[in-house]
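Visitor: Once you've looked at the hints, dock chain B against the given chain A.
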Amino acid sequence: MNKDPRKELKVSAIENGTVIDHIPAHSIFQVVRILNLEKYESQILIGMNLDSHKYGKKGILKISNKFFRNEEINKIALAAPTATMIVIRDFQIVEKRNVEIPGEVIRIVKCFNPNCITNHENIITRFRVIDKQELKLQCAYCEKITAKNNMVFI
Amino acid sequence: MKNKSLISINDFSREETMQVLDRAMEFEKMPTRKILENFVVATLFFEPSTRTRLSFESAVNRLGGKVIGFTDSASSSVKKGESLKDTIKTVCNYSDLIVMRHPREGSARFASEVASVPVINAGDGANQHPTQCLLDLYSIRKTQQRLDNLHITFIGDLKYGRTVHSLVIAMCNFNTTFHLVSPVELKLPSSVKMHIKEKNLEYHQYTEMTDAVPKADIIYMTRIQKERFSDPMEYEKVKNSYILSRNMLSDIKPNMRVLHPLPRVNEISEDVDDMPQAYYFEQALNGVYVRQALLAGILGV
Chain A
1 MNKDPRKELK VSAIENGTVI DHIPAHSIFQ VVRILNLEKY ESQILIGMNL DSHKYGKKGI
61 LKISNKFFRN EEINKIALAA PTATMIVIRD FQIVEKRNVE IPGEVIRIVK CFNPNCITNH
121 ENIITRFRVI DKQELKLQCA YCEKITAKNN MVFI
Chain B
1 MKNKSLISIN DFSREETMQV LDRAMEFEKM PTRKILENFV VATLFFEPST RTRLSFESAV
61 NRLGGKVIGF TDSASSSVKK GESLKDTIKT VCNYSDLIVM RHPREGSARF ASEVASVPVI
121 NAGDGANQHP TQCLLDLYSI RKTQQRLDNL HITFIGDLKY GRTVHSLVIA MCNFNTTFHL
181 VSPVELKLPS SVKMHIKEKN LEYHQYTEMT DAVPKADIIY MTRIQKERFS DPMEYEKVKN
241 SYILSRNMLS DIKPNMRVLH PLPRVNEISE DVDDMPQAYY FEQALNGVYV RQALLAGILG
301 V
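First to last, the sequence lines map onto chains A and B.
Position 111 of the first sequence, counted from 1, bears residue number 111 in my numbering, the numbering being contiguous throughout.
Position 62 of the second sequence, counted from 1, bears residue number 62 in my numbering, the numbering being contiguous throughout.
It cannot be assumed that every hint is accurate.
Unchecked claim - Estimated spans, in silico, between C-beta atoms of each pair:
| # | chain 1 | residue 1 | chain 2 | residue 2 | range |
| --- | --- | --- | --- | --- | --- |
| 1 | B | Asp22 | A | Asp131 | 36 to 44 Å |
| 2 | A | Glu121 | B | Lys226 | 28 to 36 Å |
| 3 | B | Asp211 | A | Val152 | 39 to 47 Å |
| 4 | B | Lys215 | A | Thr82 | 32 to 40 Å |
| 5 | A | Asn70 | B | Thr207 | 45 to 53 Å |
| 6 | B | Pro48 | A | Ser64 | 57 to 65 Å |
| 7 | B | Ala74 | A | Arg33 | 36 to 44 Å |
| 8 | B | Tyr203 | A | Asn70 | 36 to 44 Å |
| 9 | A | Arg33 | B | Asp148 | 47 to 55 Å |
| 10 | B | Arg228 | A | Asp131 | 24 to 32 Å |
| 11 | A | Asn149 | B | Gln225 | 23 to 31 Å |
| 12 | B | Asp211 | A | His53 | 56 to 64 Å |
| 13 | A | Glu121 | B | Lys66 | 26 to 34 Å |
| 14 | A | Asn149 | B | Ile68 | 39 to 47 Å |
Unchecked claim - Coverage of chain A stretches by chain B, computed from C-beta distances (three or more under 8 Å per stretch; other residues unrestricted):
| # | region |
| --- | --- |
| 15 | 67-81 |
| 16 | 120-127 |
| 17 | 137-145 |
In short, the hints are calculated from the structure, not lab data.
Being a predicted model, the structure only gives us computed values, none of them experimental.
Virtual Cβ for every residue (Gly too), placed ideally from N, Cα, C.
Just chain A, same shape as in the assembly (with noise of 0.2 Å):
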């Protein structure tokens, strides 16, 4: 870890924002699309598919001087539950920690019940995180239970 890291980028470094690193590689545009990154103005930089030791093939995302609260950044932990936050600030990293899935999810996720009030009105979806591990969601309105096996992101 000693030698400058920028030569080792297959993605440059960016001086000051924040790494989203091990985004499952299949989830990378999720990410985008959750942290409403598509109208944002600043650099970033996108690799897909690079080789992981941990998970064979990853996805990154570099934000220039762009800075998550907490909430914010936890959103992507159903689309990507493993990926980690590195904070960057003057090209080193300030911060580094894991997301955590969040206790409530709000407009992230479809609900899984086809006679759900929110799939026919105009209603952003809520719900309410009852088991972590398992990734169960139940929704604030139907009630039913959307699981890992058949959810869908919006």
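Guide: Here is chain B on its own, set in the frame of chain A:
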């Protein structure tokens, strides 16, 4: 309880539930009281439900209140494509409380979020029907003089019957022992069983009625519907095994009563109707008193 919506039976604490049941006893003694004379109650039935609607309207009328509303969505602006939000917001201008029945699950919770007046859920799809649950609790307490430590036998469609789900969840607060009788295809869902397990309560599952009847303080019958089966042969096999008839009620506890949310088709033989154990018609009558108590409690009179 004042100004509080009732969407799911879990919205009320044990104390609030008991408060409604106690108040309902007073209305049973004297059902006609003009305490809602200055109130307008809207009954919005996006799908028809004669029994529930009439019970609510009877309750409002006995209290001297006025009722406005519609009896199915064909006669409302929904047909013109109005959103649920807009319908609710509009009706709030005209009423002090909304009673709503809607075919979509979660519709009542959503309505309570956009409404400026309290909302009572009179059934949202297959999800919740809390006033049915309150009248079931009232009927159980009235026939057993208590709610605690009872053995309750649920028979029939335990998978799709929302009245079963609500009542099981509500009875988890009263140290109940559950006897669950159903065909394998229609077992109680794990999301409901979860509540029993959380409270560490005893429960037994059966596919035949024989063993579960003698243990019961209350038998709660439900109808098995043909359309619930993917394989019609399976329905044919089980359809006659969950019928309660007079001869099955020889070995029972003396205090046992039979409840049914109605409408009944053939799951309770008519020869049971004139037995002292048959309580399902009085159960329906109790619905008016419970709804009176609820309306009065929420409107704060």
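Visitor: Hint by hint, note whether the structure agrees.
Guide: Hint by hint, here is what the structure shows:
Taking the beta carbon of each, Asp22/B and Asp131/A are about 37 Å apart, inside 36 to 44 Å as hinted. The hinted range of 28 to 36 Å is satisfied by Glu121/A and Lys226/B, whose Cβ atoms lie roughly 31 Å apart. Evaluation of the 39 to 47 Å hint for Asp211/B and Val152/A yields a pass: the beta carbon distance comes to about 43 Å. For Lys215/B paired with Thr82/A, a C-beta distance near 50 Å fails the hint of 32 to 40 Å.
In this structure the supplied range 45 to 53 Å holds for Asn70/A paired with Thr207/B, their Cβ-Cβ distance being about 50 Å. In this structure the hint that Pro48/B and Ser64/A lie 57 to 65 Å apart at CB holds, the actual value being about 59 Å. Ala74/B and Arg33/A have their C-beta atoms about 39 Å apart, which keeps the hinted 36 to 44 Å range intact. Between Tyr203/B and Asn70/A the C-beta distance comes to about 41 Å, which sits within the given range of 36 to 44 Å.
Under the hint 47 to 55 Å, the C-beta atoms of Arg33/A and Asp148/B, about 52 Å apart, fit the expected range. Checked against the hint of 24 to 32 Å, the C-beta distance between Arg228/B and Asp131/A comes to roughly 28 Å, which is consistent with it. Range check, Asn149/A to Gln225/B: Cβ separation about 28 Å, and the 23 to 31 Å hint holds. With their beta carbons about 59 Å apart, Asp211/B and His53/A fall inside the hinted range of 56 to 64 Å.
Distance hint check: the CB atoms of Glu121/A and Lys66/B are about 29 Å apart, consistent with the given range 26 to 34 Å. The supplied range of 39 to 47 Å is met by Asn149/A and Ile68/B, whose beta-carbon atoms lie about 45 Å from each other. Counting residues of the region 67-81 of chain A whose CB falls under 8 Å from any CB of chain B gives 0; the rule of at least 3 is not met. As drawn, the region 120-127 of chain A meets chain B at 4 residues by the rule of a beta-carbon pair under 8 Å; at three or more, the given contact holds.
Requiring three or more residues with a Cβ within less than 8 Å of a Cβ of chain B, the coverage given for the region 137-145 of chain A holds, as 7 such residues are present.
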